[in-house]
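Colleague: Listed below, chain by chain, are the residues.
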Amino acid sequence: MESALWRKCLDHLESELSAQQFNTWIRPLQAIEDNGTLRLLAPNRFVMEKVNERFFQHIAEITSRYKTCEDFRVCLEIGSNDAASPGGKNVGEYAPPRDASAPLATRASNVQAGVRNRFDTSFTRRSDRTDVQHVRNLCPDFTFETFVEGKSNQLAKAASVQVGENPGGAYNPLFIYGGVGLGKTHLMHAIGNLIVQRDPRARVVYIHSERFVGDMVKAFQHNAINEFKRYYRSVDSLLIDDIQFFAHKERSQEEFFHTFNTLLEGQSQVIMTCDRYPKEVGGLEERLKSRFGWGLTVSIDPPELETRVAILMSKAAQTQVDLPEDVAFFIAQRIRSNIRELEGTLRRVVANARFTGRPINLDLARDALKDLIALQDKLVTIDNIQKTVADYCKIRISDLKSKRRSRSVARPRQLAMALAKELTNHSLPEIGEAFGGRDHTTVLHACRKIKELRETDSRIKEDYANLLRMLTT
Amino acid sequence: MSESQEEMAVRQLPLGIRLKDGNTFDNYLAASNAQAVACLQAALQDPAMIYLWGGEGTGKTHLLQAACHAAAAKGRPCAYLPLACWQELDAAMLEGLENTSLVCLDDIASVAGRTGWETALFHLYNRLRDAGATLLATGPAPPAALPLALPDLRSRLAWGMVFQLHPLRDEEKLAGLQQRARARGLELPEAVGRYLLQHCPRDMGSLLAILERLDRASLAARRRLTIPFVKIVLGARPRKAARHK
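From first to last, the protein sequence lines stand for chains F and R. Following the numbering used here, the numbering of the first sequence begins with 4 at its first residue and continues without gaps. Following the numbering used here, the numbering of the second sequence begins with 28 at its first residue and continues without gaps.
Source of the hints: derived by calculation from the structure; they are not laboratory data. Mixed in with the good hints, there may be bad ones.
[Said to hold, decoys possible] Pair ranges (Cβ atoms, derived):
| no. | chain 1 | residue 1 | chain 2 | residue 2 | range |
| --- | --- | --- | --- | --- | --- |
| 1 | R | 240 | F | 226 | 55 to 61 angstroms |
| 2 | F | 369 | R | 111 | 31 to 37 angstroms |
| 3 | R | 178 | F | 237 | 52 to 58 angstroms |
| 4 | F | 442 | R | 217 | 20 to 26 angstroms |
Ideal Cβ placement from N, Cα and C applies to all residues, glycine included.
So here's chain F without its partners, still in its complex pose (with noise of 0.2 angstroms):
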């Protein structure tokens, strides 16, 4: 429900403040209004904390002139509104945590703010229940039914296949490692699916290293490490990711140590995912290091041309999207770093096709590859343009910049000068400047000539358009 007091509100701030304040600051802001009570909710300490220095006093301005009551109150708190949040997002799972701050009430004439620590991590979401409740964070889409197979990832597949089969069997730990965007997190999330699958009563959790680190620090804040060590070492299975955010935190190095070798006594399976191998994480303690070497470390690579086209078209008939072969094998040679920028490139094309209301072809690929990559990252200036045109033309920069005007000087002037008008946004002045202290008038005069010839001179048309080509891509 909005609140109209905050409407009316936030049309005084919108006329009053700068797009960008009012963008910055303000929008944020969530606003429950009852009883007499406006409560701000801002979605963290360093923008209460802002707003309250900056706008709050003027806040409480507008607000009492609008007041419903006699004893009205604005205040500001941490928090977010659940229900104005997208769709509650409790799915499954899924759920991440939800702030829990405690409101302080602050009267409009006695402007402060002040605000309680969100407290509410993966681990305290149910300690209020006898038994540790886990929760698994996994994805369901992540299985191995989804998982391409193709050379580069072929062991990692069969040893993770293993794991999920036989959790806290042979390879324990499991450590999986390989660059950005190839893969890991998938296989990590197939063998929790698959192990939750064959024993759905399996306490398997799936959790960021980044994550791991904050409950941990709040754990600490909050006197509550005990539940926190609790929680992890009651796992069967601990799938931790990117565990290379441990690096320099050495108080969670030694909290995940401990961890660690309670899981591996106890027969659970502890599997991790790196950028790299365990040795050559920086920042890492090397007892902690030669540990993730004790089961079995397999790698995965970026994949071959075959498997990127096989992930294309899986991903595409994945989403129920008719792409063809050609197509496939056009981002497949082009994109060759990783799987996310062949997935981005895949979900460009398809908007594309819905976008145009065209079917999925070469030409539509195209398109989309040129915004992904950078074909026009080459900066054009004016300098570049004038280099570009004379080595075309085979004369001088300094005959560009002459008062020479020879028709075999003019017309590479001209050209140059039209192509600085399309392709920079200097102003005409500034062009006619960069040509040897020429009139707006005469670059004016250039670009009109150019563009009369181009439709009449083919040799100009085709010169010009070999040009703008050398200087976009």
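Given the structure of chain F, go ahead and fit chain R onto it with the hints provided.
Modeller: Frame of chain F; chain R shown alone:
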């Protein structure tokens, strides 16, 4: 009118009379960027990650603020972060943003190479994705060409849809200027518009800033926009004024 009333009227003049001219989808001249705009609008319904790149004056900031405007009109909370002002901001302000339905990161290249920011943005990306929120980001170059230190962040930016924003052609700029002028209740004759395009920096940001200046000047002087008047206003820069003295 009493003296005090008159004083008040004068004092209120700069704020009260100008028409609202915020950045919205309606006053963005899409031209060759229509597909990007359509995808942005769709992203307000179905969560998506979109990265827009292009040169100055292609409307990156405009589009992000327009998306915020549209989301707010639907009563959805949103956040806009001008990362070019990173010195006034703090990576701590990314906390909890997954509870909003839309997060806009303007000019991500500004914090490229700052590991604290990059890591925080990477985690924000992951949280937004888990929460099913929309993320819109902009930069001067496609993800592959950004000077990011964290490959994880780069690959995530390329994961969503990437659009290049193309600059407007002069004719489109003229139409855009006239449209914005009209929205302000100001008439910009075509000849004056062409004059601006021939004498001023031609990126839309600069042109709109000039339009803003002309709007104020025309209001203050109670004069319509004519080329002689525009020459006076634009010529009245300190450097040139000093020459007259």
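Colleague: Next step is simple, just say for each hint if it's right about the structure.
Modeller: Tested hints:
Taking the beta carbon of each, residue 240 of chain R and residue 226 of chain F are about 59 angstroms apart, inside 55 to 61 angstroms as hinted. Between residue 369 of chain F and residue 111 of chain R the beta carbon distance is about 32 angstroms. The supplied range of 31 to 37 angstroms therefore holds. Between residue 178 of chain R and residue 237 of chain F the C-beta distance comes to about 34 angstroms, which lies outside the given range of 52 to 58 angstroms. Between residue 442 of chain F and residue 217 of chain R the C-beta distance comes to about 22 angstroms, which sits within the given range of 20 to 26 angstroms.
The structure fails to meet hint 3 from the earlier list, while all remaining hints are met.
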